[in-house]
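A.B. asks: Sequence:
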Amino acid sequence: MSAPHADQLISGYLARLKEETAGLPQANRRELLADVSSHVEEARRQLTDETDADILNILDRLGEPSAVAADAAERFGIPRAPAGQPEVIRPGIVEIGALVLTPLLWPIGVLLLWASPAWNTRDKLIGTLVPPGGYWGIGIFGAMFATAQSCSGSFSIRTCVAGGGEPTWLPIVVRVAALFVFLLPLVSMAYLSIRLRARSSLQRT
Numbered sequence: 001m002s003a004p005h006a007d008q009l010i011s012g013y014l015a016r017l018k019e020e021t022a023g024l025p026q027a028n029r030r031e032l033l034a035d036v037s038s039h040v041e042e043a044r045r046q047l048t049d050e051t052d053a054d055i056l057n058i059l060d061r062l063g064e065p066s067a068v069a070a071d072a073a074e075r076f077g078i079p080r081a082p083a084g085q086p087e088v089i090r091p092g093i094v095e096i097g098a099l100v101l102t103p104l105l106w107p108i109g110v111l112l113l114w115a116s117p118a119w120n121t122r123d124k125l126i127g128t129l130v131p132p133g134g135y136w137g138i139g140i141f142g143a144m145f146a147t148a149q150s151c152s153g154s155f156s157i158r159t160c161v162a163g164g165g166e167p168t169w170l171p172i173v174v175r176v177a178a179l180f181v182f183l184l185p186l187v188s189m190a191y192l193s194i195r196l197r198a199r200s201s202l203q204r205t
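Note that our numbering gives residue 130 to position 130 of the sequence shown, counting from 1, and the numbers run on in steps of one.
One or more of the hints may lead you astray.
What the hints assert, rightly or not - Under the rule of at most 16 Å between Cα atoms (straight-line distance), these lysine to aspartate or glutamate pairs were calculated in the EDC-like manner: (1) 18 to 64; (2) 18 to 71; (3) 18 to 31; (4) 18 to 35.
To be verified - Have a look at the derived ranges for each label pair, beta carbon to beta carbon: (5) 12 to 45: 17 to 23 Å; (6) 64 to 44: 26 to 32 Å; (7) 14 to 115: 16 to 22 Å.
Quick caveat, the hints were computed from the structure, so don't treat them as lab data. Ideal Cβ positions, reconstructed from N, Cα and C, are used throughout, including at glycine.
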């Protein structure tokens, strides 16, 4: 029988280890986390009726995440960056696909965006929601707006303004708003590009 808090204890340890290994190359980091996870699972299989104390003993035998990360950096021959420093990212096809497809083919681009470690959660939310649906979402919203034929039941949109006529400022406001909305996906893509360049530039410093 599993310990009642086994998953939380192990996940917490791995999260701390992941943070401590932020300066390691991605491949070495994945290898270390996989080795540690495998070791924990192997140790758990040897227990007949595990408790939370057993899980804590397993994690204690592994050592503090900071010590494990330092040992791994030495073993791989890699100078370890200070804890909390962003992970170095080499842009690849996933990152390029996310930048290009998020505004154009929103569902596919968003999947690539969230699959990549190149951006943090805030960046991914901005890429996903500014604007939602990318140009597809803008097109659908624009089509719905254009097909709206009535206001208050029976009058056209233009006759709903005071005096039955269209204010002189309304077309300008509509055009400016439309231009702003049209540029939002490009602004979002530019933001993600800047964030990606900032992460990848760490490799050259």
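A.B. asks: Look at each hint and say if it fits the structure.
C.D. replies: Now for the hints, and whether the structure bears them out:
Between residue 18 and residue 64, the direct Cα distance comes to roughly 12 Å. Compliance with the 16 Å bound is thereby established for this hinted pair. For the given pair, residue 18 sits about 14 Å from residue 71 by alpha-carbon distance, which is consistent with the 16 Å threshold. The hinted pair formed by residue 18 and residue 31 meets the criterion: a straight-line CA distance of about 11 Å does not exceed 16 Å. A C-alpha spacing of about 13 Å is found between residue 18 and residue 35, which places the hinted pair at or below 16 Å, so the restraint holds.
A hinted range of 17 to 23 Å holds for the C-beta pair residue 12 and residue 45, which are about 21 Å apart. Range check, residue 64 to residue 44: about 20 Å between beta-carbon atoms, so the 26 to 32 Å window is missed. A beta carbon spacing of about 19 Å between residue 14 and residue 115 agrees with the range 16 to 22 Å that was offered as a hint.
In this structure, only the earlier hint numbered 6 is contradicted, and the remaining ones agree with it.
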